[in-house]
Amino acid sequence: MNSANYLYLSAMLFTIGAVGVVIRRNAIVVFMCIELMLNAANLAFVTFARINGTLDGQVIAFFTMVVAACEVVVGLAIIVTIFRSRRSTSVDDASLLKR
Amino acid sequence: MTDTPILQYSFLAPILIVLGGAVIGVLVEAFVATKRRASIQLSIALFTIFVSFISLLRIRNLTSAKAAFNSVMIDGPAIFMQGTILLIAFFAVMIIGDVDHFTAQASAVPGSEEEKSAVQTGRQQTEVFPLTLFAVAGMLLFPAASDLITLFVALEVLSLPLYLMAGLSRRRRLFSQEAALKYFLLGAYSSAFFLFGAAFLYGFSYSVTLAGIHAAVIGGTANNVFLLIGLLFVSLGLLFKVGAVPFHAWTPDVYQGAPTAVTLMIGGAPKLAAFAMTMRLLVDGLLPLAIDWQQMLVVLSVGSLFIGNLAAIAQTNLKRMLAFSTIAQMGFMLIGLLSGVSNGNTLLAANAYSSAMFYVITYVLTTLASFGVILLLARAGFESEEITDLAGLNQRSPLYAGVMAVCLFSLAGVPPLVGFYAKLSVLQALLAPGQTGGLILAIFAVMMSLIGAFYYLRIVKVMYFDQPLTATTVSAPQDVKVVLTLNGALILILGLVPGGLMTLCAQSIVKALGT
Amino acid sequence: MNYLTSLMLLPLLGAILVSTLPKNKSNYAKWVALLTSISVALLGLLIALRFEIDRPGFQFVENYSWIPSFGINYSLGIDGIALVLILMSVILVPIVIVAGWHESEGGRWGSKSFYVLILILETMMIGVFAATDVFLFYVFFEAMLIPVYFLIGGYGVGERAAAAVKFLLYSLFGGLLMLAAIIGIYVISGHQGGHTFDIEKLSQLTIDSTTQNFLFLGFFIAFAIKAPLWPLHTWLPDAAKSATPGTSVLLLGVLDKVGTFGMIRYCIKLFPESSKTFTPVIIVLALISILYGAFLAIGQKDIKGLIAFTSISHFGFITMGIFAMTTQGHSGATLYMVNHGFSTAALFLIAGWISARRGSSTIADFGGLQRVTPVLAWTFFIAGLSSLALPGLSSFVSEFLVLVGTYTRYPVAAVIGTLGIVLAALYILIPVQKALHGPITPGNENLPDITRRERIAIAPVIAVIIFLGFYPKPLLDVINPASVATLTAAGFSDPVPATGGK
Amino acid sequence: MTSNNLVYLIALPLFSSGFLMILGRRADKWGHIFATLISASAFGIGAFEFLQMLARPSESRALTQKLFSWISVGTFQVDASLLLDQLSISFVLLITGVGTLIHIYSIAYMSHDMDRRRFFAFLNFFIAAMLLLVLGDSYLNLYVGWEGVGLASYLLIGFWNQKPEYATAAKKAFVANRVGDVGLSLAIMIAFATFGTVSFSGVEEKVSGASTAALTGIGLMLLLAATGKSAQFPLQSWLGDAMAGPTPVSALIHAATMVTAGVYLITRSNFIFDNAPTAQLCVVIIGAITLMFGALIGTAKDDIKKALAASTMSQIGYMILATGLGPVGYAFAIMHLLTHGFFKAGMFLGAGSVMHGMDDEVNMRKYGGLGKFMPITAITFGLGYLAIIGVPPFAGFYSKDKIIETAFNAEGIKGLFIGGAALLGALVTAFYMTRVIILTFTGTKRWDEKAHPHESPFLMWGPMAILAIGSVASGFLLSSGNRFVSWLAPVVNSHEADHAEHVERFQPVVVTSMALVAVVIGVAIAIVKYRSEVPRVAPTNVRFFTKIARRDLLQDDFNEAVLMRPGQALTKFLVATDEKAIDGAVRTVGAAVIGSSKGIRKTQTGFVRSYALLILLGAFALLATIWVVTL
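Protein chains in written order, with this note's numbering: chain A, 1 to 99; chain B, 1 to 515; chain C, 1 to 502; chain D, 1 to 631.
Mixed in with the good hints there might be a few duds.
Chain A regions said to be covered by chain D (calculated; three or more residues, Cβ under 8 Å) [unchecked claim]:
| # | region |
| --- | --- |
| 1 | 16-22 |
| 2 | 89-95 |
Subject to a maximum C-alpha distance of 27 Å in a straight line, what follows is the list of computed DSSO-like cross-link-like pairs (lysine-lysine) [to be verified]:
| # | chain 1 | residue 1 | chain 2 | residue 2 |
| --- | --- | --- | --- | --- |
| 3 | C | Lys473 | D | Lys66 |
| 4 | B | Lys66 | B | Lys116 |
| 5 | C | Lys301 | D | Lys366 |
| 6 | A | Lys98 | D | Lys602 |
| 7 | D | Lys580 | C | Lys301 |
| 8 | B | Lys461 | A | Lys98 |
| 9 | C | Lys301 | D | Lys450 |
| 10 | D | Lys372 | D | Lys450 |
| 11 | C | Lys23 | B | Lys461 |
| 12 | B | Lys461 | B | Lys35 |
| 13 | D | Lys163 | D | Lys450 |
| 14 | D | Lys598 | A | Lys98 |
| 15 | D | Lys163 | D | Lys29 |
| 16 | D | Lys163 | D | Lys366 |
| 17 | C | Lys201 | C | Lys276 |
| 18 | D | Lys366 | B | Lys461 |
| 19 | D | Lys598 | B | Lys461 |
| 20 | C | Lys23 | B | Lys481 |
Hints are computed from structural coordinates only; laboratory data are not their basis. We put the beta carbon where it would ideally sit given N, CA and C, even for glycine.
Using the sequences and the accompanying hints, generate a full structural model.
This is the structure in structure tokens:
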């Protein structure tokens, strides 16, 4: 299978994620979309590593996963706090700061 | 295969020490009684930073050393930036040292009994110090990173603690949490872009190191689309931290919502780190693409100057106003960066990069002092953030009004304050190649800084010419007072004799450019 | 001995001393400030005595490297033009302090800050005239805005804060344009044998005409705002109305002179070609300033606003004299700067005293003062006569030199400019009639006449006005060589009389 | 020749003036005496110099004194130096002589004024300035005195400036004078541009090398200056109002000396005018217009001082006319100036004496039959009257007759016109002066019961008597044997002109007869007209001409409509412009910036998703930008 297709998939995933962040209101879903983007990047790394036959890209994928996990910890902490205060996870509700 | 990894710990020592200090801080948070935590944490943080600085001094003469398998590059700019970051961090920690600014228990629901009792019983959590140290470690790594993966990790280590800290405000917790959410979501979003861009840079060059990418770009036969996407998305991740338009939208909201102490952290050292890394990436990694990214930076700086200055004028919230002002100032800094592209004339390039570096350092110094003053005003029991809160500050506290005025005049670019030399050096770097485009951009920048002067001076007017709303004097612990005075004096002294700092900047850049 | 540096340091030391004085003893601050400024004035006179008239170039030169990475030097030096302006400044400061002995008490802050600001301002005023490094000049040029800003906003009356901000923004606007131009010429110097900000070296550069025009405009607009030239003048009346009389004296008397001084020292010296190119436009603007300022002065209801607009008219004359590019025009303009400094000082101080007594600066609130406060009225009248350039008083010589100098090159402009002479009579005599003559306006019957302190302050000014009217030679002798040098360096020579005069 | 004494002429009164001003009330008791002594000693110096001058041969009579280098810039070199020649000494004697008399007169006249000291300080200042005017050796020095006397005039007209209309009159005089001064300063500028010097001798030396255009320019500008100072058409309007000043001032400044400065200026500049025929023609025309203008106004004035002022205007018109007639005219002009100085000052003092006795009443309709009560005043005034209307052998006859004669003998048709005008002027003069005499001193009394007319004290009538003697004798003394003409000849270069052929259109005797006939007719008309009872209130049902003559031939209405109102409108407009347009433009820029700021703020919606969208769009936009650049 042509490895370029993985790249296309990666680009699609990234786009879905990027657009998802913009159109979805639920903070958790928004966050998931970001994770999707990270994973799209991971896929791209792995694909390139595969094409080139080096391991660098694959190593990076592991790093990314770790970092993403950290991000989840921080992210969920923030989202949960917000939820506890507001009883809502809609990112649109959190719009006191503006202008 | 069985080579023992040679990490060269001495080169990494400054970073590792800070990380170690952070871990100790976490342990203290876990095991030491609440009453004594605050002072212990503060001491640990300050001590750590101090020791880290000492260890940095020991390696200050390195010109181009690599550590940890080439993933960390210890060279002139890196050491210089690390040193500056540590100094700034030291100041910042001293200024924010009072834990009253932070929520007693971040996990408690705002306004709940739980929170009240936490405040009453003094069960104050002090996680802000270890978080700060983690962020500082990230910042230290940032300018030294020399491959994409280190870069990404540094970016996250720098960012994640700040996301959390943004939500730690004791007062106005809803705002604070919202700021944290926005900061986090947008930060993560931009990180994702960064990572995706990094993937494409890797795809283009099949190398993760900046040097490898550089070589591949010079080779120039590979896929340009990958390169462009990579360049753009990676820059996006960094420029998000810088706060350049159109990646600026988080800045005002986060600056306003976060506790002022954290705003001080966010607005200070991370800008240095982000600048350093942007420069490293663009110059070390992607110099051959200069024409492209120069174009990009022109657009960004024009946008930043325009949006930042104009939006700042109508603000009534001081922190928001300073946020927009930051955007504008970063626009100026980008001008310095983009001026470095001058057909391989190393002298001009060094001049430009050092001007940008000088700009960002002086800017951070000024921000530190101005947020420090705002922070002090918050002590009277409420969060100070409206411009009117500064009314008649001169009558309440001439010293802090003076420090603030010095900062504002400096930001406005009035000589003989350091901000003026920053603008001067950036503008001369811009005009040095003698191109018409540079001239137009310079005039635009100059006009925009006039608008800037308008809102900075409005605050001076409020401080000096308006009647105070409260008669309470501003009191501050002695150390904070000393630090702020020192900081204000530094802005003035650097204004009278800016030569030394300029030379330092220039030397570190020249070393890096290897000429 | 570093005379100029000492001259600058002295007020600065005074300022530091004042700031360390105890807060509640405002009298100490006054006396320290006064003694400081008097010693500065004496040192200034000493410098004047040691000035060698016939020596070309700058004297009392000092040169130290300041910011080596930019080739910026701390270099000072004075020629005749700078000397007379510095002298005027250092003489005016003690007068302002004596005259405004109680001025500092009506401010937002204590007296101490007032005198600290005044003394800092004095340092900068000296620096701005003494700098021979363009960059150093610029630093002083901009930095002096800050004390003035606080002096207006902190100790003024009425819409003082707004006026202070307006003043500062206008000045910064010009200053930033000038900064761009300074950087421009610096960059050019880099292409032609080394980065420098030294005025002499910069004047040797060869710059193509388009660039030169841009750079010239950068400088000129800044100076035209300072000077102020129509239509960039609207900050001045507001500032003058709001500032204390003493501040106004320093503002109009000294600070604004930096604009016209800059035109001579920087615009013409650095960009002779462009000066030539823009001369017609500038002469027209100057003429408009002369007439416009005069008409507006006639139309003013506020005495301070009136003086401000007369100054706009006078600055029109000065600018015209400068850009006539003749020896008479230049020397006349320089002398005019000094004379205007003194006559405006007298007008402002006396107007300030009268306003303070009456509690209003509206002209209509006065009337018949010659009966009530004869000495104040007469001194005001004499100052007014100087302002309308009555022969025998100082301004006449300079105004006439400007007109003669202009006529020999631009007759039409000079003819139109003379209309200003008639309007001057109106703008002085109308307020004189309204305020000093006629029946005593109710409420003014018991105003006290001049006090001893006020006499001490105003006497030297009046003396200078009269003395320079009869014997301007000492100043002209100092100014002339500098004027000739400027013009020669810029490649101008005086028109020859039609009948081939000697 | 040089002298060291000239400066004292100016310095003495100048310092005295400053001294009296600075001492203030402390000098109230003796200030007037001091000032009078100073003035007298100045006259003494003048007389001494005059005698010395008489002793020297005519070509070396001029004296100079260089005081110091005044202005020295490049080629513009002006020394503060003085020149005393035959022309200046005539003026010096007139100024200090008449001046001293008027000082003496004022001691009594102003005795009830609390500010008498100040008045004398001003008088001394005037003397100093006027002497500087006539002694200055360059146009610029003259200019100093020129404006100095203007200032003195301003101060003295407005001496009682607590009355608003007096203050206004003073201001008006100064401003009108300033318009003239513009002429003088422009003349100096042209002179410098043309000759490279502004001293009289320097200009005279180089005058032959100059273009006619330049000379005409200088001449016209000097004429403008003269019209301002000497109240000539079209700048004449201030003189009538200037009568607001105390009467001695009117006598000294606005009759005898200052207003004649224009005649001096033109005479002094004879070398310019002789080479600029066009300018000379203008001088003649202005003189002719003014002499008629003033005379006509004089016929309608009921205010005794204003009638005399109109007469002054008219008489100076004669002098100006004479100066425009070339070398022959200058001497006659100056001669008339001197005789006029005597008789007009005398009459003004007489008028002052009348007012003094009539509680400051100036309306002649409220006089009548005063001759009985004030015999000395009536006699001295009468002698002056005879002099002014030109009855032989009184002074005015000699001087005016010469002017009329010279006017008739001017070349071409011009001569007939100006000669006719001068003749007609003489007729009208005779008419209005007779009217003044009849209304004031003869006929029945028309004054209020309150008034107690009485003769003035000796200090007042003494000077009047001396001036009356001058009015009687000066004309004969000056003109006998062509004495004054030859005295002035070295100054006005009339030697060669004397030999130049010029057409004698009328024999002197013919002209004299015509003039005398005109005078008789004028006197007769006046007697016929005012023989009967004179109404106390001026009738209003008079002819149109009388109406406008009472309004000074509409001069003020004209100025108001053409200059003042448009000027005020312009001022108002400019003030509004400054506020609305210029400052408004600045404020608009500010408002626009703030407005756009508000717009930009709206983009900061507060929704995190829109921020993310911004990042996304920004990324694509940048991508597009780079793409375009790369391709």
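Status of each hint after checking the structure:
no.: 1; hint: 16-22; in the structure: holds (count 4)
no.: 2; hint: 89-95; in the structure: holds (count 4)
no.: 3; hint: C/Lys473 <-> D/Lys66; in the structure: holds (15 Å)
no.: 4; hint: B/Lys66 <-> B/Lys116; in the structure: violated (51 Å)
no.: 5; hint: C/Lys301 <-> D/Lys366; in the structure: violated (42 Å)
no.: 6; hint: A/Lys98 <-> D/Lys602; in the structure: holds (8 Å)
no.: 7; hint: D/Lys580 <-> C/Lys301; in the structure: holds (17 Å)
no.: 8; hint: B/Lys461 <-> A/Lys98; in the structure: holds (25 Å)
no.: 9; hint: C/Lys301 <-> D/Lys450; in the structure: violated (45 Å)
no.: 10; hint: D/Lys372 <-> D/Lys450; in the structure: holds (18 Å)
no.: 11; hint: C/Lys23 <-> B/Lys461; in the structure: holds (23 Å)
no.: 12; hint: B/Lys461 <-> B/Lys35; in the structure: violated (42 Å)
no.: 13; hint: D/Lys163 <-> D/Lys450; in the structure: holds (24 Å)
no.: 14; hint: D/Lys598 <-> A/Lys98; in the structure: holds (12 Å)
no.: 15; hint: D/Lys163 <-> D/Lys29; in the structure: holds (26 Å)
no.: 16; hint: D/Lys163 <-> D/Lys366; in the structure: holds (23 Å)
no.: 17; hint: C/Lys201 <-> C/Lys276; in the structure: holds (21 Å)
no.: 18; hint: D/Lys366 <-> B/Lys461; in the structure: violated (70 Å)
no.: 19; hint: D/Lys598 <-> B/Lys461; in the structure: holds (21 Å)
no.: 20; hint: C/Lys23 <-> B/Lys481; in the structure: holds (21 Å)
In the structure shown, a violation is registered for the earlier hints numbered 4, 5, 9, 12, 18, in ascending order.
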